[in-house]
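Protein chains in written order, with our numbering: chain G, 139 to 735; chain W, 80 to 653.
Check the hints yourself; a few may be wrong.
[As the list claims (entries may be wrong)] In silico DSS-like links for lysine-lysine, alpha-carbon gap of 25 Å or less:
| no. | chain 1 | residue 1 | chain 2 | residue 2 |
| --- | --- | --- | --- | --- |
| 1 | G | 321 | W | 147 |
| 2 | W | 243 | G | 454 |
| 3 | W | 210 | G | 619 |
| 4 | G | 728 | G | 716 |
| 5 | G | 734 | G | 527 |
| 6 | G | 454 | W | 147 |
[Said to hold, decoys possible] Quick look at which bits of chain G chain W covers, simulated, 3 or more residues with Cβ under 8 Å:
| no. | stretch |
| --- | --- |
| 7 | 434-443 |
| 8 | 592-600 |
| 9 | 633-644 |
Note that these hints are calculated values from the structure, not bench results.
Where is the CB? At the ideal position from N, CA and C, for every residue including glycine.
Given next are the chains, with one letter for each unit.
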Amino acid sequence: MQIYRGHVLVCAGTGCVASGSRNVQAEMEKQLEAFNLDKEIKLVETGCHGFCEMGPIVIVYPEGIFYCRVQPEDVKEIVEEHLLKGRPVKRLLFKNQITEEMVPHYKDIDFYKKQNRIVLGNCGFINPENIKEYIARDGYEALAKALTQMTPEQVIEEIKAAGLRGRGGGGFPTGLKWEFARKAPGDKKYVICNADEGDPGAFMDRSILEGDPHALIEGMAIAAYAIGSDEGYIYVRAEYPLAIKRLKIAIAQAHELGLLGEDIFGSGFNFKLNIKEGAGAFVCGEETALIASIEGRRGEPRVRPPFPANKGLWGKPSNVNNVETFANVPRIIARGSQWFASMGTEKSKGTKVFALTGKVKNTGLAEVTMGITLREIIYDIGGGIIDDKKYKAVQIGGPSGGCIPEELLDLPIDYDSLISAGAMMGSGGLVVMDEDTCMVELARFFLNFTQMESCGKCTPCREGTKIMLDILERITKGEGKEGDIELLQSLAETIKSTSLCGLGQTAPNPVLSTLRYFRDEYEAHIKDKRCPAGACTALASYRILEDKCIGCTSCARVCPAKAISGEVKKPHKIDPAKCIKCGACIETCKFNAIVKQ
Amino acid sequence: MTKNVNITINGQQLTVPEDTTILDAARQIGIDIPTLCHLKDTNEIGVCRVCVVEVKGARNLIPSCITKVTEGMEILTNSPKAREAREMVMNLILATHPKDCLTCDRNSDCELRTLAEKMGIRKVDFGAPVKDLPLDDSNPSIIRDQSKCILCRRCVSVCNEVQKVSAISMINRGISTTVGTAFDKGLEDSPCVFCGQCVNVCPTGALTERFQLREVWEALHDPEKHVVIQTAPAIRVSLGEELGEEPGTIVTGKMVGALRKVGFDKVFDTDFTADLTIMEEGHEFLECLNGNGKLPLLTSCSPGWINYVETFYPEFLDNVSSCKSPQQMFGAVIKTYYAKKFNIDPATIFTVSAMPCTAKKYEANRPEMNSSGYQDVDAVLTTRELGMLIKEAGIDWANVEESQFDEPFGEGTGAGVIFGSSGGVMEAALRTLSEVVTGKELESLDFKDVRGLDGIKEAELTLGGQKLKVAVVNGLGNAKKVMEGLKAKELDYHFVEIMACPGGCIGGGGQPRLSTPEVKQKRMEAIYRADLGLPRRKSHENPAVQELYKEFLEKPLGEKSHHLLHTGYTPKEK
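If we strip away everything but chain W, and leave its shape as in the complex, we get:
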């Protein structure tokens, strides 16, 4: 049992458990202390020093974010010494930081700028030259502007400790310290999988996605172009945050309404191809169970995970489902079936996808993603970019009229929606597989064992008399554990869902910044609320999917499917 300790903060006495940090104790009584590098559970290293406070009897000032309280501790958060030191430290951080806030990608969303304002910094004059370091724009997903980096190391912690990809680390020393890859090459030439978790935690403009808003606007302004957009399942529960709503608000209708006002010719739902994925991948799994394919089958929806398995576990590439991700299935179907059905020249179609993901940008750019004869997906926007697009278009979000997705790809089931949260793909597959295999309708559609934010979830079930063991994994650090277990033959599953980002797509690298566990929890709850609110909750009951098979694809795993909806993988150098 944890002991309680008595402390005073700014003269106020309080009793807190002994493993409480000074910062948390202060916040409990409504006293805030500025923090910058600190990221609970992820980056608790106390390096930026903007959170220092005075503790009576201590020789130096104490970083409040990582120092635990002790009995009798007397803390002064606003003593002249503490305030002046914090101000000086903040000044030192700002000394070499570019001052182009007006035009910076982060602008009003910047943690550093916000903190400078909160701390009342009005002037920085050490006369030090502003950092001028080369930009890393080597890849389609992530741009690194080291000039804007304040060396808080959040990205490094996320990459090394959470995702265990270790593409980036600190390089050089002293004033020359930067964040870099091995041999300081571009991310493209590193083991980076473009999951974007680093981008999600960056407090400044040092890490951003490669923006594609300009391409989208150009297409929208081009009268020759037929511009369609698909929106991913996880976007509808997070886009609101970019536009001032509380985390966990479901904004599907408003989003569609807004995108229609922006000027898209069609607004479609990626849920549709999520359902399509279940049809293909479900049948693929059945084939594997029948001995025509390797077990365990590993899902393929998450492009960060695909990059990861190609780089770190190429020996398992045959286990990865050959299904393209829902985004890529969508692109391929739009430029073939849709184009034909509505008599549109596929060369004039511009497909945009709104994704919670940075790796999707990389995926859309893969050379093999052109089975329609064109690049299947032309531009990928993150949730953050989608928010910007709506703002740039001058749409009054608060009063925007709700609207419905367009036919025929506006039809998605609850099974498609839950793709947005870790466990969703597995649950959606189980809903369909159970009924396909047994021919009987399920009593309960909720597979609760595979839900939640836990990194590794397991479930056992019986499918047509056969006992199955499945696992759901989110976050690449956890994927590493499972892959090592599979490699060592210590783990044995039939089917494994793997998502690169902690929590799944609701915690994607393209989501509104600082997806804390609390925020992710709210987004996840919203996903399952959205599932419950839909009339159809099983992929195979999606009438549009059924129609697509009838009119065009014929059957799951058929020849057309094989050509348009499936892909292959290539081992990558580390």
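Chain G on its own, in the form it takes in the complex:
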């Protein structure tokens, strides 16, 4: 076996690939060869590190030096300075945005410090296209343990004792779900992985698929053993080509080593995995719609019961879990339920991966222990609000979630606390908003998404979300009427309580939660025809402050609508009838004499 004195890890997650990591990798290969280092330093292509906005990311071991936004032209310097001379390239290190200090080590970066990377533990560390690297990190040990030392019932008990809950949004106890499928009568059963990640901005599942596909495969195999299944499907959206490619490689490699297929570990247990590519309908994340889609039917949910545990794919008992849930399983089996249950809150154990985005300094994937506060995520991991503006709210749980205002920033996050705050865990999207965000517009934005993604099967979701959207559009345009809030509220309640599936039942959440915490903004739009955040263009008006305007005429010259008039060296005026609210005047005014209201 070849021993290397160092490793260069180049991220090849979708984020870094998009920012050019393939070229960095190629250049690195070239330079290592040029400097005759290819026998000493190993170049490793890894999955996602989660800190995508800093990509392409390169990490050099054994020191663990973290390089950000590396370009091909930087590579030579890294090789020459760092790999040859042992002097890290300072200009490429991560800079702490508050202290402005350079942070050379991966583990010292704020973004990673408060994380507890268990599910993401291998992501960015191993080559996902090489099963041996997974095995070297104790991969497939849990499967061996389950198959050779545990009965299926014991596996289920272990998962139950760990307190693992579904990471796809619902938070249903995983062990219980497995038990239902185990107890359902039937010779043929299926294990299905929901990898139809659809929440805007959420990409934790993609990250696992791309960075640690074997964790999913191992988790699914353990689940199959537990419920008595010999075949599984991974339903992955076709928009994840890299994930699909790596899954295919991983499945083939696992087959080659006998970790999938017949008589695994000589236990008599067989397990076969299929990949089904989804066509990108958000609703196919709902388990019955997902099953319909695998069967080749229109991806639409159906009424439950019967639940998939009893009547699932092709009418057979089936167990559907999401990627992150399955990826937790090998860790629980390997390290024990007690270890897992020691993390988190009373009813939410382990960790959760959040996709942190919006008006926050550090964006990306963060895996944190359940029970962490939003403040810690946003200010410690996220580094606070961009431009140090005022925090307004965070939308949590994707388009079906809700917003959490400032007064709840110290809320420990778990499944139940979020529900009582009017949001939900969802798949773990966190969109941070600052004072410039209009909460009515936010609700409109998310409702627009769910309305478009409604499958159209049941009346309340199909018709109701459209009518709610129309009302919200009117309000943001300043055409809100007395009674709109009440109508929104009653529509929202009906849609929640009468819709067929989770999509409709949660679609009104953004409206309800913004109404709960920011009702005054709705009222300002409707009664005063004013957008307090100044975000709704239709409601904005521009005014020139007479005492500040010196009559330089530059605003009048840039105004494309010829809405500004005035004599040279005298205060100018904006004709609101002509103004198109483009904001060009404000940008050009050097005297802060124009205000938007």
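Guided by the hints, dock chain W onto chain G, whose structure is given.
Frame of chain G, contents of chain W only:
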């Protein structure tokens, strides 16, 4: 054995079997819950959500039409939450629905309108624009007005699950969802067979037959025209429903009386050509048995079935009887034999047929259906249209005087009448064949094995020493099973009767809406009562048929018959 469970509905305790739905349990104790998409055994998908009720302990409201009761369930059908939600859901359905009820084809017969009234909806004001989608009038049978569709999916379930034609399905998503064909073309360019089962279950005006009442009125008002009408066997046991009578009422006499008052020059009975069909098809079958034709022989009376076999099983077209359907035989005979016999210029004859069927409209429009030299049948009315015609003419149905069909085609036998129910053609054929082959009179005319609403019925019998196996199939879903069995050579029959609609013509797409199994059962019983009530019950004993052969056709399968009463089939693209 099913267990019983104890539940309470609105505080009232009751015990019901555990597989009972909340809806059925409530109805058992006289509490109704509104439903719209629900169609027992056909469309049990719980999508419209107007039937939601409150169940104590449940997070959300529960669709009562498909949720089974469980032990200790406490149901509130009229709690404020349930009532308000149902009202809101109904409002949402009505929000974009056209409000032209006064002039809508469905009008007072509309389930949606009736339900809105029942639920006390008085105002819908979300300000949403009314749906405005293009009309599909691509074909002679069925008009689809998607603007009036409320997406209950009954039609889709019937087409896909019952008939297995799958011409229509849901297309697009969310608010843009509609019912459509592949590539959203007109029905004409889809595998639709025009059976009209979708029309029969549609709760609104979204699916209707292509109305031909105007053409009929125009002909009636035209002094130059000699207007005759033929009425199908299955009409006499269902027309009453359109005019306020109980299902299963036989209204033959009143119907003839009413049609005479409407102004038809002659009122004839399609039973006559049903008998004629037996003469031709019976002899055709004997020829097949003698090796001059393919076995099994498949019947050809049902135009929906003909469209189906042309589209889905063209390899079996040689097995299909070349006999035209009774409707088309009638048209051809009227414009030839009748015209000649009564010295009427066939160009002035306008033949109307009243049929339980939408596919008959398509059939009458087939280009080959002009062997008389004219279009053999000029207008086809469904049972529903016939009811409208009588109402439009201002006829007091309750007091209309009974009358007899006109000669010479008013003469039909019981064998002709039973064409209206699944198994009837087979039974009528067996009655005649047995006597023709053996020369001996049958002791019992009732072939009960082939009767009833079962989808596939089989019988074995001996005909002149030869053992025969026959089958009777109704509903295209069942036809598919049998055709697949024949294709795979797993099934082996000599003669198969196939009707496109479940139950046969009594369940036809043109029959009064919502032909439930209970209603069909009553219509069927009435058909066999009508059979029993007739003096002659065997087609070959019909004196008018005998006279027709003597005066004009000469013999079954003769040259004239071949020209006027037989046809050919063409494979269709799916």
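Consistency of the hints with the structure:
| no. | hint | in the structure |
| --- | --- | --- |
| 1 | G:321 - W:147 | 21 Å, holds |
| 2 | W:243 - G:454 | 23 Å, holds |
| 3 | W:210 - G:619 | 24 Å, holds |
| 4 | G:728 - G:716 | 23 Å, holds |
| 5 | G:734 - G:527 | 18 Å, holds |
| 6 | G:454 - W:147 | 20 Å, holds |
| 7 | 434-443 | holds (count 5) |
| 8 | 592-600 | holds (count 8) |
| 9 | 633-644 | holds (count 6) |
No hint from the list above goes unmet by this structure.
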